[in-house]
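Colleague: With chain A fixed as given, assemble chain B onto it according to the hints.
Line order of the protein sequences matches chains A and B. Going by the numbering used here, the first sequence opens with residue 1, and the numbers climb by one from there. Going by the numbering used here, the second sequence opens with residue 1, and the numbers climb by one from there.
Don't take every hint at face value.
[Claimed, not checked] Taking lysine to any residue pairs in the SDA-like style, the calculated list, with each CA pair at most 25 Å apart, reads:
1. A/K80 with B/R23
2. A/K382 with A/E113
3. B/K188 with A/P190
4. A/K40 with A/G290
5. A/K80 with B/T45
6. A/K80 with B/P16
7. A/K245 with A/W223
8. A/K18 with A/G53
9. B/K188 with A/S112
10. A/K245 with B/K188
11. A/K80 with B/S93
12. A/K18 with A/H45
13. A/K80 with B/K188
14. A/K18 with A/R235
15. A/K40 with A/R235
16. B/K188 with A/R196
17. A/K245 with B/T45
18. A/K80 with B/R18
19. A/K382 with B/R23
20. A/K382 with A/K80
What the hints contain is simulated information worked out from the structure, not anything from laboratory work. If you're wondering where the values come from, they're calculated on a predicted model, not measured in any experiment.
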Amino acid sequence: MSALADWSLRESYLFDRKVIAEIQRAAREGLYDIRGFGAKRRLPHFDDLLLLGASISRYPLEGYRERCNTDVVLGTRFAKRPIELKIPITIAGMSFGALSAPAKEALGRGASEVGTSTTTGDGGMTPEEREHSQILVYQVLPSRYGLNPDDLRRADAIEVVVGQGAKPGGGGMLLGHKISDRVAAMRDLPAGIDQRSASRHPDWTGPDDLEIKIGELREITDWEKPVYVKVGATRTYYDVQLAVKAGADVIVVDGMQGGTAATQDVFIEHVGIPTLPAVRLAVDALQELGMHRQVQLIISGGIRTGGDVAKALALGADAVSIGTAALIAMGDNSPEYDREYREIGSAAGFYDDYQAGRDPVGISTQDPELAARFDPVIGGRKVANYLRVLTLETQTLARACGKSHVHNLEPEDLVALTVEAAAMARVPLAGTDWIPGLDASAGNPR
Amino acid sequence: MAITSSAEIVDLGSVPLRELNQRLHDLANGTSGPTRWRVQNPSGTHAVAAGVDAEVEIEIEGHVGYYCAGMNKRATVRVRGNAGPGVAENMMSGVVIVDGNASQSAGASAHGGLLVVHGDASARCGISLKGADIVVRGSVGHLSGFMAQTGRLVVCGDAGEALGDSIYEARIYVLGRPAGLGADCVEKELRDEHRAELRTLLDRAGIDGVDPADFRRFGSARQLYNFKIDNVGEY
Numbered sequence: 001m002s003a004l005a006d007w008s009l010r011e012s013y014l015f016d017r018k019v020i021a022e023i024q025r026a027a028r029e030g031l032y033d034i035r036g037f038g039a040k041r042r043l044p045h046f047d048d049l050l051l052l053g054a055s056i057s058r059y060p061l062e063g064y065r066e067r068c069n070t071d072v073v074l075g076t077r078f079a080k081r082p083i084e085l086k087i088p089i090t091i092a093g094m095s096f097g098a099l100s101a102p103a104k105e106a107l108g109r110g111a112s113e114v115g116t117s118t119t120t121g122d123g124g125m126t127p128e129e130r131e132h133s134q135i136l137v138y139q140v141l142p143s144r145y146g147l148n149p150d151d152l153r154r155a156d157a158i159e160v161v162v163g164q165g166a167k168p169g170g171g172g173m174l175l176g177h178k179i180s181d182r183v184a185a186m187r188d189l190p191a192g193i194d195q196r197s198a199s200r201h202p203d204w205t206g207p208d209d210l211e212i213k214i215g216e217l218r219e220i221t222d223w224e225k226p227v228y229v230k231v232g233a234t235r236t237y238y239d240v241q242l243a244v245k246a247g248a249d250v251i252v253v254d255g256m257q258g259g260t261a262a263t264q265d266v267f268i269e270h271v272g273i274p275t276l277p278a279v280r281l282a283v284d285a286l287q288e289l290g291m292h293r294q295v296q297l298i299i300s301g302g303i304r305t306g307g308d309v310a311k312a313l314a315l316g317a318d319a320v321s322i323g324t325a326a327l328i329a330m331g332d333n334s335p336e337y338d339r340e341y342r343e344i345g346s347a348a349g350f351y352d353d354y355q356a357g358r359d360p361v362g363i364s365t366q367d368p369e370l371a372a373r374f375d376p377v378i379g380g381r382k383v384a385n386y387l388r389v390l391t392l393e394t395q396t397l398a399r400a401c402g403k404s405h406v407h408n409l410e411p412e413d414l415v416a417l418t419v420e421a422a423a424m425a426r427v428p429l430a431g432t433d434w435i436p437g438l439d440a441s442a443g444n445p446r
Numbered sequence: 001m002a003i004t005s006s007a008e009i010v011d012l013g014s015v016p017l018r019e020l021n022q023r024l025h026d027l028a029n030g031t032s033g034p035t036r037w038r039v040q041n042p043s044g045t046h047a048v049a050a051g052v053d054a055e056v057e058i059e060i061e062g063h064v065g066y067y068c069a070g071m072n073k074r075a076t077v078r079v080r081g082n083a084g085p086g087v088a089e090n091m092m093s094g095v096v097i098v099d100g101n102a103s104q105s106a107g108a109s110a111h112g113g114l115l116v117v118h119g120d121a122s123a124r125c126g127i128s129l130k131g132a133d134i135v136v137r138g139s140v141g142h143l144s145g146f147m148a149q150t151g152r153l154v155v156c157g158d159a160g161e162a163l164g165d166s167i168y169e170a171r172i173y174v175l176g177r178p179a180g181l182g183a184d185c186v187e188k189e190l191r192d193e194h195r196a197e198l199r200t201l202l203d204r205a206g207i208d209g210v211d212p213a214d215f216r217r218f219g220s221a222r223q224l225y226n227f228k229i230d231n232v233g234e235y
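Pulled out of the complex, with its shape left as it was, chain A reads as follows:
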């Protein structure tokens, strides 16, 4: 075909090649697409915000000489032993089962090296994870796989998981080929069968019950541990208010860009709201209750750079959490493995089949040979390095805004590049004083 003829071809916007491929795959296989990773569509995000560095009306701090602190204390509301982190970036919950034991160990090593926390996941706590995690948050999930009071007491904090950003309202599915004997034993199920995780907790429903459930967890652990409540971002304003009312010390809001080990593609891409509006709604809810900074807010879902961290903190988060980015830091989707990714029908930069358990890097697998490729010491060092870079970047931006603590960043330091981001984050469109949707006389819209 001549170049001119080629130029005359017009691809449908509605039925582009990806859509055609998916329709034909569905017709061929008769099964929806289950995959890992997070939302891949373009969404309003922190990239759509900019920070206003200091100039004449504000003065900056000297980089590398004037301190810009990064410490954060979580769980100050009720817990006898709040968590003290050196940096405002934590590792999100990811299960042993979805991830290999060496990968979990590496996350613990990396987080501990820089003084932050890591989090268990569906399936319970492994000894390696506890041993290598200086500060470990223990998730209480609807499945209750592996949940026991000894690990609850061994943990440094408890996270009641109501939902996650990749699939708010959905349960989990660990496919049978990732169920090794060890994973099966931890979950009290036979090896090799799909392990479905419920979407609702088995013994409570609604905010009034949640308050009683949190009370029980506090009683069992003698009110020592901070209790987090994690929600996938949907009706964020109301969820945050209800979680506060239920007695949470810390609220984790996971935007729709948050990652997953195995979820239907249609769920990942079409349910929930982006992280950007979620952080704003969560802060609104806390401020309206007079609980901002008293109940701490952790934001997750698509955090990649110190820029993302700084902007999330400026909008009012106390800390952020990373999942997908931590896996990438450990080598997930590395070009080094491109040939092996292609052998399993993917490519470096595109790999999202975490559910398949064939990860050549050895992270999202239970195959002993593949898992053995992953060195938890080297992996831990990479996680630590990455966390340090995120922290340095955040400090750099905060200093430029004249802040001696990253928590002193504020919405006033932000402008938006797009009308959508301005409306969602409720900061002015750059170069204007216009915040779409804000009617100062009528109060804050939501």
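Modeller: Just chain B now, kept in the frame of chain A:
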């Protein structure tokens, strides 16, 4: 289990729940203390005797709220009244006895030990069961044994709709009539080993006057263990 007059008496009408639970928890940390406890005036309090990890006997004189004996280990807890939702939830070991009725989610996700309900149990009894045994003298509500993984649920009365929905390897025995079976739950042959197992469970629960041979056994058809598009109507 009968608690004698030598038991340590804690009146929740005047003593905060926190103090009771802390004293019970201290027993797990090597602190010596009474092995028999009597709790008075629970008045629907939540999380009574939750998180105990000690070989003690605790008798509660009255009705309790949510999560009584939650995550219990080793203790024997008797409720001389009714129990709210989630009694003995996630129990690891020990024995919990409810003389009255139990609300929904009794024994939810319990890993071990024995829960006995001498009255009826409400919906979702034994939901996500992970190895414990539950014996109910009366009937159970809908969705009992939902996603039950392992362990045994014995119902001497009737069972509500969707019994054993999405069940894994747990075994359910019903003397009366189930209103309906959930997805992938089927009736199975009651063989000699099951009758013997039932006899043992009923004896441990202190329930006599029923013949194990009269029970019906239910378990997983194992058709939903690995996702198949042909089963889409079941999801």
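Colleague: All the hints need checking, so say for each whether the structure fits it.
Modeller: Going through the hints against the structure:
With a CA separation close to 17 Å, the supplied pair A/K80 and B/R23 stays within the 25 Å bound. In summary, the hint linking A/K382 to A/E113 is supported, as the alpha carbons are separated by about 11 Å, within the 25 Å threshold. With a C-alpha separation of about 19 Å, the suggested pairing of B/K188 with A/P190 holds against the 25 Å cut-off. Restraint check: the Cα-Cα separation between A/K40 and A/G290 comes to about 36 Å, which exceeds 25 Å; the hinted pair is violated.
Between A/K80 and B/T45, the direct Cα distance comes to roughly 23 Å. Compliance with the 25 Å bound is thereby established for this hinted pair. Distance restraint check for A/K80 and B/P16: the Cα-Cα separation of roughly 18 Å lies within the 25 Å cut-off, and the hinted pair is therefore satisfied. Taking the CA atoms of A/K245 and A/W223, the gap is about 17 Å. The hint holds against a cut of 25 Å. Proximity of A/K18 to A/G53 is assessed by CA-CA distance (about 41 Å); at most 25 Å being required, the pair is judged violated.
A threshold of 25 Å between alpha carbons decides the hint, and for B/K188 with A/S112 the separation of about 51 Å lies outside it, so the pair is violated. Note on A/K245 and B/K188: the hinted pairing is violated, with a Cα-Cα distance of about 47 Å set against a maximum of 25 Å. Of the supplied pair hints, the one linking A/K80 and B/S93 is violated, its CA atoms being roughly 28 Å apart against a limit of 25 Å. With a C-alpha separation of about 23 Å, the suggested pairing of A/K18 with A/H45 holds against the 25 Å cut-off.
In summary, the hint linking A/K80 to B/K188 is not supported, as the alpha carbons are separated by about 51 Å, beyond the 25 Å threshold. Distance restraint check for A/K18 and A/R235: the Cα-Cα separation of roughly 30 Å exceeds the 25 Å cut-off, and the hinted pair is therefore not satisfied. Taking the CA atoms of A/K40 and A/R235, the gap is near 22 Å; set against the 25 Å cutoff, the hint holds. Using a Cα cut-off of 25 Å, the hinted pair B/K188 and A/R196 holds, with the two alpha carbons roughly 23 Å apart.
Only pairs whose Cα atoms come within 25 Å are accepted, and A/K245 paired with B/T45 is accepted, the gap being roughly 19 Å. For the hint linking A/K80 to B/R18, the alpha-carbon distance of about 14 Å falls within 25 Å, and the restraint holds. As the CA atoms of A/K382 and B/R23 are separated by approximately 45 Å, the hinted pair breaks the 25 Å bound. At roughly 33 Å between alpha-carbon atoms, A/K382 and A/K80 are farther apart than 25 Å, so this suggested pair is violated.
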